[in-house]
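Please model the entire structure based on the sequences and the hints provided.
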Amino acid sequence: MRVTTERDRCVGSGQCALLSPEVFDQDDEGLVVVLVEQPAEAQREEVLRAADLCPARTIRVHD
Amino acid sequence: MTQSADTAPQAGSPLPQFPMRRTCPFSEPPEYAGMRADHPVSRAALKVNGKPAWLVTRHEHVRQVLGDSRVSSDLKRPGYPHQFHIPEEMLAQVRLMMLNMDPPEHSAQRRMLIPEFTARRVREMRPRIQQIVDEHVDAMLAAGGPVDLVTALALPVPSLVICELLGVPYEDHARFEEWSAAMMNHDLSPAEYGAAVQALDMYLDELVTRKENEPGDDLISRFLEKNRAERVADHADVVTMARLMLVGGHETTANMIALGVLALLRHPEQTAELRADPALLPNAIEELLRVFSISDSGTARVAVEDIEVGGVTIRAGEGILALNNAADHDESVFPDPGTLDIHRKEARSHLAFGYGIHQCIGANLARVELETVYGTLLRRVPGLRLAVAPDELRFKDDAMVYGVYELPVTW
Ligand code: HEM
Ligand code: SF4
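Quick note, the sequences are listed as chains A and B, same order. Following this note's numbering, the numbering of the first sequence begins with 1 at its first residue and continues without gaps. Following this note's numbering, the numbering of the second sequence begins with 1 at its first residue and continues without gaps.
Everything labelled a hint here was simulated from the structure, so no lab data went into it. One should not assume that every hint holds.
[Claimed, not checked] Partial chain A-side listing against chain B, Cβ under 10 Å, derived: (1) P21; (2) R44; (3) D52.
[Claimed, not checked] Result set (DMTMM-like, lysine to aspartate or glutamate): computed pairs, CA atoms no more than 20 Å apart in a straight line: (4) K226(B) x E212(B); (5) K47(B) x D397(B); (6) K47(B) x E331(B); (7) K345(B) x E269(B); (8) K47(B) x E60(B); (9) K226(B) x E29(A); (10) K226(B) x D27(A); (11) K76(B) x D398(B); (12) K345(B) x D27(A); (13) K345(B) x E45(A); (14) K76(B) x D102(B); (15) K226(B) x E105(B); (16) K345(B) x D52(A); (17) K226(B) x E46(A); (18) K47(B) x E318(B).
We put the beta carbon where it would ideally sit given N, CA and C, even for glycine.
Now the structure itself:
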């Protein structure tokens, strides 16, 4: 599993950083940063959930 | 009742009126379920002016509309579904709040503000929020019951939090509460509404001027500092931004605090579980946000191009109410949606904070405030109970943001 985001479309809601804090964070500008590009399989569910709940739909999960 | 041919809607039967009332405070307006099932995207007439607007009721469609770049939040655009009366000449002069801006202006202003509300920043505010809550609970306990939880806790806590964030002195709070409550009331005359907006703006105008001259450690000062480099906003825009933060962050959270406490009092078994295991609180809060979805019609838009939603074509220039309370009771996403279940695993999928580029910037702050208040009450006031019969409570059926006017409690 690989995670990518489109930073320029992020609206800084912090849903991802709240839901999956080991994988996502927000930088000083409040925009998303991916901490772990290839999260462990155990985190699949929360990462998919973050992708689904991201209000700007900027999180992509590639198998 | 007779209707002349030229005022009657074409289909023969008059359009349903919007807003529709919640007959039970713990559920959506009863009309919504039927609309979701039979005509999930359909028209209604706005009570305030009789103009038609589209009501969007399914979760999937509400997300679709709020995520579509062909809809606008600009309340000056013809067709925008206004829910309270604003005279034309006043509308022309209104400074748009970020809430009502479209990209690129919206994105420019939002980008300057999101660093203030990141998950980490909000986490750092936690100890101070706990302190504020503890002080108010101390005062409540010292005074002894019965007290009105709205004035003792629900209003002052978010007010103090947002005022400290903005750098507003606490002495000025009572005035804010009055103005911001007035601005949320559907029933005000245009003159009364205008007076409330004006009084608040005058105060904020002075405050922003003060920060321009003597910057402090607060959101307004930091915004001004960044703005010196980026030139996104002029003085009046900064005043308007400050007003949005105050009004947007204050009444909403206050209403949610009071309604949430009421819901907990009505569900003693689930409350006992929460008391025994506070780790359940975050999900319980998502469920409370879902059940009440207090800013149901806050997610209003107007189509800029023709768009198709659920097989219906919404034409450019037509108003849309993407009803988040209807979405949050969509049985295809939330089985048995009328039941409060703090363990509900899909609770987080609620749209009570909206969706898309305007999703509530204060959502994570509101979550921490709610967690702190509910958690503290569970711990420190285990005997909390209503001091009146439930049917004596009066709910804000007439306001843009749902709530309870007073919540007399004792312990
Ligand atoms: C439980 C409490 C709250 C609820 C239910 C709530 C609800 C909402 C909703 C539904 C929207 C989206 C409106 C739209 O799409 O047009 C929104 C936006 C907004 N909220 Fe909240 N809110 C809450 C708390 C707060 C707090 C604490 C703050 C401030 C610190 C805040 C500030 C804002 C702002 C500035 C926006 C506009 C965002 C934008 O246009 O990009 N809200 N809120
Ligand atoms: S959930 Fe989406 S919009 Fe929000 S911070 Fe994460 S990536 Fe950005």
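Evaluated hints:
| no. | hint | result |
| --- | --- | --- |
| 1 | P21 | 7 Å, holds |
| 2 | R44 | 16 Å, violated |
| 3 | D52 | 7 Å, holds |
| 4 | K226(B) x E212(B) | 12 Å, holds |
| 5 | K47(B) x D397(B) | 13 Å, holds |
| 6 | K47(B) x E331(B) | 28 Å, violated |
| 7 | K345(B) x E269(B) | 18 Å, holds |
| 8 | K47(B) x E60(B) | 26 Å, violated |
| 9 | K226(B) x E29(A) | 12 Å, holds |
| 10 | K226(B) x D27(A) | 17 Å, holds |
| 11 | K76(B) x D398(B) | 23 Å, violated |
| 12 | K345(B) x D27(A) | 29 Å, violated |
| 13 | K345(B) x E45(A) | 12 Å, holds |
| 14 | K76(B) x D102(B) | 12 Å, holds |
| 15 | K226(B) x E105(B) | 15 Å, holds |
| 16 | K345(B) x D52(A) | 14 Å, holds |
| 17 | K226(B) x E46(A) | 35 Å, violated |
| 18 | K47(B) x E318(B) | 16 Å, holds |
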